[in-house]
Amino acid sequence: MKTLKPLNGNQTIAEAVRQVDIDVVAAYPITPSTAIVETIAQFKADGLIKGEFVCPESEHSAMSVCIGAAAAGGRVMTATSAQGLALMWEMLYIAAGLRLPIVAAIVNRALSAPINIHGDHSDTMGARDSGWIQIYSENCQEAYDNFIQAFRIAEHPDVRTPVLVGLDGFIISHSTEIVEIEDDEEVRRFVGEYLPIYPLLDTSRRFTVGSIDFTDYYFEHKRSQIEGIENSPRVIEQIGQEFGQKFGRYYSFFEAYHLDDAELVIVVMSSAAGTCKEAIDELREEGLKIGLLKPRVFRPFPYQKIAEALKDKLAVAVLDRSSSPGAFGAPLFTEIRSALYDYEKRPKIINYIYGLGGRDIKVEHFKEVAQNLVRIATTGKIDSHVGYLNLRE
Amino acid sequence: MAAVRLKDLAQKEDRLVAGHGMCLGCGIPIIFKIILRATDDPLIVTCATGCLEVCTTIFPRTAWNVTWIHSAFENAAATAAGIEAMYRALKNKGKIPQEKKIKILAIGGDGGTYDIGFQALSGAVERGHDFVYVCYDNNVYANTGGQRSSATPLGASATTAPAGTKSPGKIQPRKDLTRIMAAHKIPYVAQASPNKWLDLYNKAKKAFEIEGSAFINVLCPCPTEWKYEESQGIKLAQLANDTCVWPLYEVEKGHFKINYKPKQKLPVTEWLKSQGRFRHLFKEENAWIIEAIQAQVDEEWEELNKLAEM
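Chains as they are written, first to last, in my numbering: chain A, 1 to 393; chain B, 1 to 310.
Excised from the complex, chain B in its bound form (with noise of 0.2 Å):
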């Protein structure tokens, strides 16, 4: 691959303009604006009914300066599923030349994947469907106020698994995504984050160039629902992939690649201490967890490098 330098990508048309509503410091708009730069094609966008929808979309303005669809919550791999349906359709049927290329991103939040979107999701790229899906994981319904998702972290307090003087937040280990996407055998599976932009623009144009399925699952800073001071956001992103709470890694073809090594593999504390959704983690009745999280973080970490290494 040629090398790609920001200053070129800064350069290229935004597909995702300024004026949208936001938060300060959140990390969707960063992703995804690395993430349509990676094609040059003409994109189809469906966004899942979440925080980019409804921020980019109210009527009658829209942030989206390429051809783009909301249809529901739970179904934007459905959704997806069906223009590109339409797509091989007309192409087959002569309506569209076939030397035309369209691509096809479907978005989600972790509410809309991990969650009521599965379903549509694992049924999407089990059909084969030749679109790319993007998660972008903040680990909690931000949209409406921070609820629990199954990838909120264990330990983690959300309103709807709050920590109380009885519990310690949410008590279940979150939902390994990726993998799951991996299970599915589909082209390309990739965990990305926005700290690491060159590597989240590699995985996004080799989503975009493969036929057939791409999934890619982008650790999502929320300032508003991790609790930080919003200009922290990236080195948090950081922070995740050096206690590899967030690995990066991509499976091509049932190959898994881990494309980040942390020099020095720092303690899940380092991660906990810096977000307020963890602040009760370090009083003295709950330091199982963090000793859990710890150990759930190392286990996963040996596996992935095992897989890595086959």
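This is chain A alone, in the form it adopts within the complex (with noise of 0.2 Å):
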């Protein structure tokens, strides 16, 4: 039976470690996610989790044991925050070159140096190019949805792919809210059983993991990592539509709020989503036909479908909570600007950064974003494509 609990966003990624009958978690406590790890390390000593749970040195290791684990043939999570996701990064590479569908929740804070242990999404955007799939949530309920659609994404033969859930440090990591968790038996039989293909612990047959390619099979074999990522949109849409089905709570690419209708649009994922759908709200009463849309998946990005959302608007804002020094704009930006380039009429596209370093984001910043789009809307000029919200300069 559904519940309804109050939980933090650490909390409910670990109840739905506990529900997907985990094999083995793989993890190094670290700010802000460490409460996931001693949740489960908890649930494991009260033998609510029958998995194992490994606690390594390092979340190089960490993610090292979740790849002997995966390849040895299981079901493996692990959880991590910044320094320690790019602690990984190496493996990261190696989990989707060797197709281990791994589910990784990462509690999104800004990278060193300076340190510090607040939300931004520089750690997954550092990692966007490592074969991941990347879905990122608003809330914790998102969260929870997200994690649990995760290992079917991942584990689906077509894909086999591992998958990353980005949701905010602090923001969504330690805010308590009612969500709603659903039936162990149900999520258990939603996810149902892992069959991993070449499983080490098979030692009836005998093969080669990881072997050495030289120029003459290294790019075919690469190509056919990019096929696995290739067919997830399908997988992705599907499980999200039969999650809905099963639990009431539908997902896709992107949610749009208020976005049909709308000629002036801020594009912005995770929990300042939620924020900035509190200024459309009171931007709408003051007449302003504006609206949101909200990412959810990363990678893939489904470029198509966001430009067909987007290609007959007047003017878009989008936010970044990264940075990509030296480029022109950061990520989200930067994929949004070229998915709409083969489009004849097309908005004015600008870019913002906002929240680095967990820097708060009010419904006055969404304002002064939408005052621009105006501006912009109105004269057809825009004064600078890349600009900072809310930083004293």
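The reader is advised that the hints may include incorrect statements.
[Claimed, not checked] These stretches of chain B come out as covered by chain A in the derived footprint (C-beta under 8 Å, 3 or more residues):
no.: 1; stretch: 23-34
no.: 2; stretch: 56-65
[To be verified] Footprint (simulated), chain B over chain A, 3 or more residues, beta carbon under 8 Å:
no.: 3; stretch: 17-28
no.: 4; stretch: 48-61
no.: 5; stretch: 66-73
The hints are simulated quantities; they were obtained by calculation from the structure and are not laboratory data.
In this text, all values refer to a predicted model and were calculated from it rather than measured experimentally.
We put the CB at the ideal spot given by N, CA and C, even for glycine.
Fit chain to chain and form the complex, with the hints in mind.
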């Protein structure tokens, strides 16, 4: 039976881990995702998780343990943040290259230096070319729902690609919400049993995993890896629908909020989208035709769907909670601007970098963005393509 | 332990087969042909990046007749830990029959073990995963052309610690990894070399049979980087035992046991003059290095004997 529980983001992830009949968890504690690891350890200590919990000596080893365990043949997860994800960086590519369906909860946190423990997306954006599917969550409920779906997506035979689920550090990881927690048995049934294709533990067959490719094979193997993530959109869509039919909460590639009739659009991911909705409500009351597009899936990037949703708008502001120093704007902006290139009629598009190191973003800041969009839509002129929100300069 | 005959071992199935690309005279295949014969259970092997990994698995060929995985350079122990954790999980869940025994072997060279993989190894054995880790210690990053490692001995010339007009080669003594692993107080730690094939076999067998983490450090002659004639590798390993540069011993549940005591301990110069990597040490100005090496070997041998008497 569905129950309503007051849980924070970290607790919802641990609940999901308990429910998906996990085989191996290997995770190293780091703020702000520590409580995920601690809660799972407690579940194990209390016999609520039958699988193994491994607490390695670093995140690099945590991901290495995940790789060994997933290759051995079973369901595997980890959790980390910021420096932890950065330390895993080498292994992220290997997990994806070996086509291991590992699922990771990434509590998004700013990367050092300067050291900072608060939420931004610089950690996962740094891993955007690692071959992992990336799904972002606005709140605790989405974190829980996304995390459960992640196993189905990762383990799908046509995909077999690791998935990371992002939730904003502190803003979501440490904020308590009333979360709909589904029945254990129903979740177990939804994720189903994972059937690995080449488990090392099936010693009746002898095979070599992770051999060395030279110039004659590497390229073909990388291409076949890319095919896995290219197959994922239909799987992501189908599982989002199936999840909705079963539990009543439907998911797709992005959420549209007052988007259909909007002339101006703000694009923003994760927790800031909640604040943005509040701003949109107020601006709508003032008569402004403005809407929100909240991407959920960043890898694979749903470029056609997002471009179709935005092509007829007058002006779009893409808000990034990360920076790509020296690039023309931050990652979400460059993706969306590129996606719109082939359309003859397309909106004016600008980028704002916001919230680095957990800097707050409030309704007033979204209103500031809206004012600029009005000005651009009216004059057709862009003063600056890339700006910064709520920053002292 | 029942008597083991080489003839019987030779008839066992080869788990590392011919056709690999390791150098003529390389110690690695000799070592692993022995170790892989020391268990009849199904085996999963994971290798750190290094000579053995690169030379045996060039896609689409493989020299491995067991299930095998390579992940990265520094994480063979962590990869093995993951395999072992999954093995335990699936056994607990009844997905693998209780009576089924699978052994897990992690392998690294001295680069992947003493240096970049040391943290992962220390962590994995501290957690007590049930696996065997074997280091083939050829004293150098041989796979990439002879750079120094922390296993490179004092006075050896390596490409990143070369002997030159102002330098006598590596100026630091090697790290004593076997003793460091023994300090982890794991069930079994041993030092071996391929010339004493039965000793190596017995140690591997014991390591596979013991529950928990086991570590074996095996001296691995490398003709390419030590610079000697290819046919001399096994003789060199014997010389390492006889000079006490590489004593054979094991540490079982904290108890040290020396497995080979040379009847006549040879001077280290016998060892040093046998290899090109030490050639520069015989210049007059480097005499102090040879003295320092001898002093170190004597001290360590004496210490080891004291530990074994305890």
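Outcome of the hint check:
1. 23-34: violated (count 0)
2. 56-65: holds (count 7)
3. 17-28: Result for this restraint: holds, n = 3.
4. 48-61: holds (count 10)
5. 66-73: Coverage by chain B holds here, the residue count being 8 at a Cβ distance below 8 Å.
Hint check: a violation occurs at hint 1 only; the rest are consistent with the structure.
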